[in-house]
Amino acid sequence: MFGSFAKMLSKNKDIAVNAPCKGKMIDNSDIPDETFADSILGPTVAIMPSDNTVCAPVSGKIIQLFRTKHAFTICSQENVEILVHIGINTVDLNGQGFEALVNENDEVKQGDPIIKFDADFIKSKNLSTIIPMVICNESDFEQVNKINADDVDTHTQLFSIQAKK
Amino acid sequence: MVEISYVITDPRGIHARPAGQLVKLLSKYKCSVQMGTKENKVDAKRLIAVMKLALAQGNELFLVFDGEDEKAASEAALEFLKSNL
Numbered sequence: 014m015f016g017s018f019a020k021m022l023s024k025n026k027d028i029a030v031n032a033p034c035k036g037k038m039i040d041n042s043d044i045p046d047e048t049f050a051d052s053i054l055g056p057t058v059a060i061m062p063s064d065n066t067v068c069a070p071v072s073g074k075i076i077q078l079f080r081t082k083h084a085f086t087i088c089s090q091e092n093v094e095i096l097v098h099i100g101i102n103t104v105d106l107n108g109q110g111f112e113a114l115v116n117e118n119d120e121v122k123q124g125d126p127i128i129k130f131d132a133d134f135i136k137s138k139n140l141s142t143i144i145p146m147v148i149c150n151e152s153d154f155e156q157v158n159k160i161n162a163d164d165v166d167t168h169t170q171l172f173s174i175q176a177k178k
Numbered sequence: 104m105v106e107i108s109y110v111i112t113d114p115r116g117i118h119a120r121p122a123g124q125l126v127k128l129l130s131k132y133k134c135s136v137q138m139g140t141k142e143n144k145v146d147a148k149r150l151i152a153v154m155k156l157a158l159a160q161g162n163e164l165f166l167v168f169d170g171e172d173e174k175a176a177s178e179a180a181l182e183f184l185k186s187n188l
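Just so you know, the protein sequences line up as chains A and B, in that order. For reference, each letter of the first sequence is one residue, going 14 to 178 in this note's numbering. For reference, each letter of the second sequence is one residue, going 104 to 188 in this note's numbering.
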């Protein structure tokens, strides 16, 4: 799907995955959902957001915007597959409080806005706005390292990923 | 080869959490697993592909298992589907 030039570049340096929004990184144990807290889906980080726009953590292609707009998946130019999930149990809001700013199959740049959400609305439904982000295909890579941080924005790197040799 | 089918009853369909749990379960088995609709199946051990199926309540889901532990995998999958979806 991507050119051999991109592949060649990715062999020589680690792949960076950045925070998908501004906020504070929290401990996974503070995510009120076992699946994310225990990293069942893959290496997981979580952000307590302080603004209402979720951005692309990498440059790549939008694979899926969930029907209910509470999550998206993106595949980076180096084929890292990432899930960004806005809030916990927000599938139950059925799309209310979320606005998609891109379409499936769009090519985006790291930091581009993807989904806007209404944090006050989500909170009014007694749901958490915590944003877990998951690397879905860890086994395709040599190593996936989580980088701890405190205050984050879309320039803060949260994963460093090594391609297989 | 073993094939099973299941009609999704959860009004939320296969969203991120159950998709991830199912992929995790199937990844424990050696056999290959294809999953999806009758016409469109994907590798059931790839989370991003399983989520992308975006299967909804009332959709019939098909899983095809092929390999030495296909029987055990299909039984585990069916049990998971019945209790979670």
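Mixed in with the good hints, there may be bad ones.
Under 7 Å between C-beta atoms, here's a sample of chain B residues computed to sit facing chain A [claimed, not checked]:
no.	residue
1	118
2	119
3	120
4	127
5	131
6	150
7	157
8	161
Capping the alpha-carbon separation at 25 Å, the derived lysine-lysine pairs in PhoX-like fashion look like this [what the hints assert, rightly or not]:
no.	chain 1	residue 1	chain 2	residue 2
9	B	185	B	155
10	A	26	A	129
11	B	133	A	177
12	A	159	A	74
13	A	74	B	144
14	B	174	B	131
15	A	82	B	174
16	A	178	A	35
17	B	127	A	177
18	A	82	A	129
19	B	133	B	185
20	A	136	A	37
21	A	35	A	177
22	A	129	A	35
23	B	144	A	159
24	B	127	B	144
25	A	26	A	122
26	A	177	A	138
27	A	82	B	131
28	A	177	B	185
29	B	174	B	133
30	A	177	A	136
31	A	129	B	174
32	A	82	B	127
33	A	74	B	185
34	B	131	B	144
35	A	122	B	155
So these bits of chain A aren't anywhere near chain B, every CB distance computed over 12 Å [what the hints assert, rightly or not]:
no.	residue
36	43
37	65
38	76
In short, the hints are calculated from the structure, not lab data. C-beta atoms are modelled at their ideal positions from N, C-alpha and C, and glycine is treated no differently.
These are the hints, each one checked on the structure:
About 5 Å separates the beta-carbon of residue 118 of chain B from the nearest beta-carbon of chain A, less than 7 Å, and the hint is met. This hint holds: residue 119 of chain B has a C-beta 6 Å from the nearest C-beta of chain A, less than the 7 Å allowed. For the restraint placing residue 120 of chain B at the interface with chain A, the shortest Cβ-Cβ distance is roughly 5 Å, inside the 7 Å limit, so the hint holds. Taking 7 Å as the C-beta cut-off, the interface hint given for residue 127 of chain B holds, the closest approach to chain A being about 6 Å.
Annotation: interface hint on residue 131 of chain B violated; nearest CB of chain A at approximately 13 Å, more than 7 Å. This hint holds: residue 150 of chain B has a C-beta 4 Å from the nearest C-beta of chain A, less than the 7 Å allowed. Residue-level restraint check for residue 157 of chain B holds (minimum Cβ-Cβ distance to chain A is 6 Å; threshold 7 Å). For the restraint placing residue 161 of chain B at the interface with chain A, the shortest Cβ-Cβ distance is roughly 14 Å, beyond the 7 Å limit, so the hint is violated.
About 21 Å separates the Cα atoms of residue 185 of chain B and residue 155 of chain B, which keeps this hinted pair within 25 Å; it holds. Restraint check for residue 26 of chain A and residue 129 of chain A: not satisfied, since their Cα atoms lie roughly 32 Å apart, outside the 25 Å limit. Between residue 133 of chain B and residue 177 of chain A the CA atoms are separated by roughly 22 Å; this keeps the pair inside 25 Å, and the hint holds. Annotation: proposed proximity of residue 159 of chain A to residue 74 of chain A holds, straight-line Cα distance about 22 Å (limit 25 Å).
Between residue 74 of chain A and residue 144 of chain B the alpha-carbon distance is near 21 Å, which keeps this suggested pair within the 25 Å criterion. At most 25 Å may separate the alpha-carbon atoms for a hinted pair to count; residue 174 of chain B and residue 131 of chain B meet this at roughly 13 Å. Restraint check: the Cα-Cα separation between residue 82 of chain A and residue 174 of chain B comes to about 37 Å, which exceeds 25 Å; the hinted pair is violated. At most 25 Å may separate the alpha-carbon atoms for a hinted pair to count; residue 178 of chain A and residue 35 of chain A exceed this at roughly 34 Å.
Simply put, residue 127 of chain B and residue 177 of chain A have alpha-carbon atoms about 22 Å apart, close enough for the 25 Å limit, and the pair holds. Restraint check for residue 82 of chain A and residue 129 of chain A: the C-alpha separation of about 9 Å stays at or below 25 Å, so the hint holds. With a C-alpha separation of about 22 Å, the suggested pair residue 133 of chain B and residue 185 of chain B falls inside the 25 Å cut-off, and the hint holds. Between residue 136 of chain A and residue 37 of chain A, the direct Cα distance comes to roughly 17 Å. Compliance with the 25 Å bound is thereby established for this hinted pair.
Proposed proximity of residue 35 of chain A and residue 177 of chain A is contradicted: the alpha carbons are some 31 Å apart, above 25 Å. The hinted pair formed by residue 129 of chain A and residue 35 of chain A meets the criterion: a straight-line CA distance of about 13 Å does not exceed 25 Å. The straight-line distance between the Cα atoms of residue 144 of chain B and residue 159 of chain A is roughly 32 Å, outside the 25 Å bound, and the hint therefore fails. With a C-alpha separation of about 18 Å, the suggested pair residue 127 of chain B and residue 144 of chain B falls inside the 25 Å cut-off, and the hint holds.
Our distance criterion of 25 Å between C-alpha atoms is met by residue 26 of chain A and residue 122 of chain A, whose separation comes to about 18 Å. Distance restraint check for residue 177 of chain A and residue 138 of chain A: the Cα-Cα separation of roughly 44 Å exceeds the 25 Å cut-off, and the hinted pair is therefore not satisfied. Between residue 82 of chain A and residue 131 of chain B, the direct Cα distance comes to roughly 31 Å. Violation of the 25 Å bound is thereby established for this hinted pair. Among the hinted pairs, residue 177 of chain A with residue 185 of chain B is inconsistent with the structure: their alpha-carbon atoms are about 38 Å apart, more than 25 Å.
A distance of roughly 11 Å separates the Cα atoms of residue 174 of chain B and residue 133 of chain B; the hinted pair therefore holds under the 25 Å criterion. The hinted pair formed by residue 177 of chain A and residue 136 of chain A fails the criterion: a straight-line CA distance of about 42 Å is larger than 25 Å. Simply put, residue 129 of chain A and residue 174 of chain B have alpha-carbon atoms about 45 Å apart, too far for the 25 Å limit, and the pair is violated. Straight-line distance between C-alpha atoms of residue 82 of chain A and residue 127 of chain B comes to about 24 Å, which keeps the hinted pair within the 25 Å bound.
The suggested pairing of residue 74 of chain A with residue 185 of chain B is violated, with an alpha-carbon distance near 34 Å, which exceeds 25 Å. Between residue 131 of chain B and residue 144 of chain B, the direct Cα distance comes to roughly 20 Å. Compliance with the 25 Å bound is thereby established for this hinted pair. Simply put, residue 122 of chain A and residue 155 of chain B have alpha-carbon atoms about 21 Å apart, close enough for the 25 Å limit, and the pair holds. Listed as outside the interface, residue 43 of chain A is consistent with that label: its C-beta sits roughly 18 Å from the nearest C-beta of chain B, beyond the 12 Å cut-off.
Distance check on residue 65 of chain A: its Cβ is at least 21 Å (rounded) from any Cβ of chain B, clearing the 12 Å threshold; non-interface status holds. In this structure residue 76 of chain A is not separated from chain B by more than 12 Å, as the shortest Cβ-Cβ distance comes to only about 6 Å.
In this structure, the hints that do not hold are numbers 5, 8, 10, 15, 16, 21, 23, 26, 27, 28, 30, 31, 33 and 38, in rising order.
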